[in-house]
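Participant: Its first residue numbered 806, the sequence shown is counted upward by one per residue in our numbering.
What the hints contain is simulated information worked out from the structure, not anything from laboratory work.
Remember, it's a predicted structure, so these values are computed and weren't measured experimentally.
From the three backbone atoms N, C-alpha and C, an ideal C-beta is built for every residue, glycine too.
Some hints could be false.
To be verified - Dumping the calculated DSBU-like pairs for lysine-lysine here, alpha-carbon to alpha-carbon at most 30 Å: (1) Lys988 x Lys870; (2) Lys1021 x Lys988; (3) Lys1065 x Lys870; (4) Lys1065 x Lys1119; (5) Lys992 x Lys870; (6) Lys814 x Lys1021; (7) Lys814 x Lys903; (8) Lys903 x Lys988; (9) Lys1065 x Lys1021.
As the list claims (entries may be wrong) - Simulated DEER-style distance windows between Cβ atoms: (10) Gln1055 x Thr991: 21 to 31 Å; (11) Leu979 x Glu821: 52 to 62 Å; (12) Glu888 x Ala927: 21 to 31 Å; (13) Trp1100 x Leu979: 18 to 28 Å; (14) Ser1110 x Asp958: 46 to 56 Å; (15) Asp865 x Leu979: 45 to 55 Å; (16) Lys814 x Ser926: 19 to 29 Å; (17) Ser1110 x Arg1059: 22 to 32 Å; (18) Gly890 x Asp865: 20 to 30 Å; (19) Ser967 x Ser1110: 38 to 48 Å; (20) Arg1059 x Val873: 27 to 37 Å; (21) Asn1047 x Gly816: 48 to 58 Å; (22) Thr1078 x Asp958: 53 to 63 Å.
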Amino acid sequence: MYRNGVLVKEGFPVEEVSDHVADPENVVWFDLCAPSPEQLAVISEELGLHELAIEDVLSDHERPKVDVYDHHLFVTVYGLCLEGGRIHPVEVDVFVTKNALVTVRESDRFDLGGVLRRWDSASRMACHGVTFLLHGLLDHVVDQHFDLVQELDGQVEAMEESLFAQSVRDGRALQQAMYLLRKDTTKLRRVTFPMREVIGTLLRRDEDLVADPAMKPYYEDVYDHVLRVTEWVESIRDMLANVRETRLSQQGFRLNEIMKRVTSWAAIIAVPTAITGFYGQNVPYPGSGTPLGFWTSTVLVALASAGLYGVFKKKDWL
806 MYRNGVLVKE GFPVEEVSDH VADPENVVWF DLCAPSPEQL AVISEELGLH ELAIEDVLSD
866 HERPKVDVYD HHLFVTVYGL CLEGGRIHPV EVDVFVTKNA LVTVRESDRF DLGGVLRRWD
926 SASRMACHGV TFLLHGLLDH VVDQHFDLVQ ELDGQVEAME ESLFAQSVRD GRALQQAMYL
986 LRKDTTKLRR VTFPMREVIG TLLRRDEDLV ADPAMKPYYE DVYDHVLRVT EWVESIRDML
1046 ANVRETRLSQ QGFRLNEIMK RVTSWAAIIA VPTAITGFYG QNVPYPGSGT PLGFWTSTVL
1106 VALASAGLYG VFKKKDWL
């Protein structure tokens, strides 16, 4: 609990929330991690939360959004964590009243330590109450998105460089990495693009719950970061599409090279086969049954093969 921007109490049970928020000078933040329906019912009763908002918390895979109810806002955002090189979204639901903020985390993979450090580092802004707390949370979430977009961008650039590495012959590993990157980019796009609407709604809507002129520039800064993230995600998608097209072009070019070589060697083999087949006929021919015939056929095979090899090499078919 904060009073006049100063932390005055912590660790109290949820049953005391209604007593604290009764005083307009107090600002209460309460966090729930993977709560049960019973725990949500208690906090709902304490703050008078709408039943539809509680239902959204219990539902999975909600879209990032802002819902406006009579006495509170309901905000859904997604934090992101990187585990095993893969992106894992973590749903974070937020109830916002005039002097209370309730965060409901899907799991502890979304660490609130960064949010707390952000709040503590800007304690001079704590006098703005719930608006300040909500900004700190949203800013932390968007910064997570920004960091992961930057990580993905580095991976795509490394992939682009590996396309033309002489050591890359078997493209299976490259194709798998490309597939996983496309999946992660899709996940990132799914949770970052709706953030424009979330922050934009908080900025545009004339609501007393978040109406604080002093905090508006800070929300606009978060909105600017959201736009940068979404533009960067689109850029990564374009880069991945270019990598995929380049890889397909390389495969087509390599297939053409292989076909040219196979066809050229088949032509070289065909001529000796024709000569030896001719000398294997069952009727007499010049030199038949004599060493001269054998050496003649051998010389013809060698000259024809060497001549064809020289021609194909000059045309860059071999």
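Participant: For each hint, tell me whether it holds in the structure or not.
Facilitator: Right, here's what the structure says about each hint:
| no. | hint | in the structure |
| --- | --- | --- |
| 1 | Lys988 x Lys870 | holds (22 Å) |
| 2 | Lys1021 x Lys988 | violated (35 Å) |
| 3 | Lys1065 x Lys870 | violated (57 Å) |
| 4 | Lys1065 x Lys1119 | holds (13 Å) |
| 5 | Lys992 x Lys870 | holds (16 Å) |
| 6 | Lys814 x Lys1021 | holds (28 Å) |
| 7 | Lys814 x Lys903 | holds (19 Å) |
| 8 | Lys903 x Lys988 | violated (39 Å) |
| 9 | Lys1065 x Lys1021 | violated (66 Å) |
| 10 | Gln1055 x Thr991: 21 to 31 Å | holds (24 Å) |
| 11 | Leu979 x Glu821: 52 to 62 Å | holds (57 Å) |
| 12 | Glu888 x Ala927: 21 to 31 Å | holds (29 Å) |
| 13 | Trp1100 x Leu979: 18 to 28 Å | violated (53 Å) |
| 14 | Ser1110 x Asp958: 46 to 56 Å | holds (53 Å) |
| 15 | Asp865 x Leu979: 45 to 55 Å | violated (34 Å) |
| 16 | Lys814 x Ser926: 19 to 29 Å | holds (21 Å) |
| 17 | Ser1110 x Arg1059: 22 to 32 Å | holds (26 Å) |
| 18 | Gly890 x Asp865: 20 to 30 Å | holds (24 Å) |
| 19 | Ser967 x Ser1110: 38 to 48 Å | holds (39 Å) |
| 20 | Arg1059 x Val873: 27 to 37 Å | violated (58 Å) |
| 21 | Asn1047 x Gly816: 48 to 58 Å | holds (53 Å) |
| 22 | Thr1078 x Asp958: 53 to 63 Å | holds (56 Å) |
The structure is inconsistent with the numbered hints 2, 3, 8, 9, 13, 15, 20, although it conforms to all the rest.
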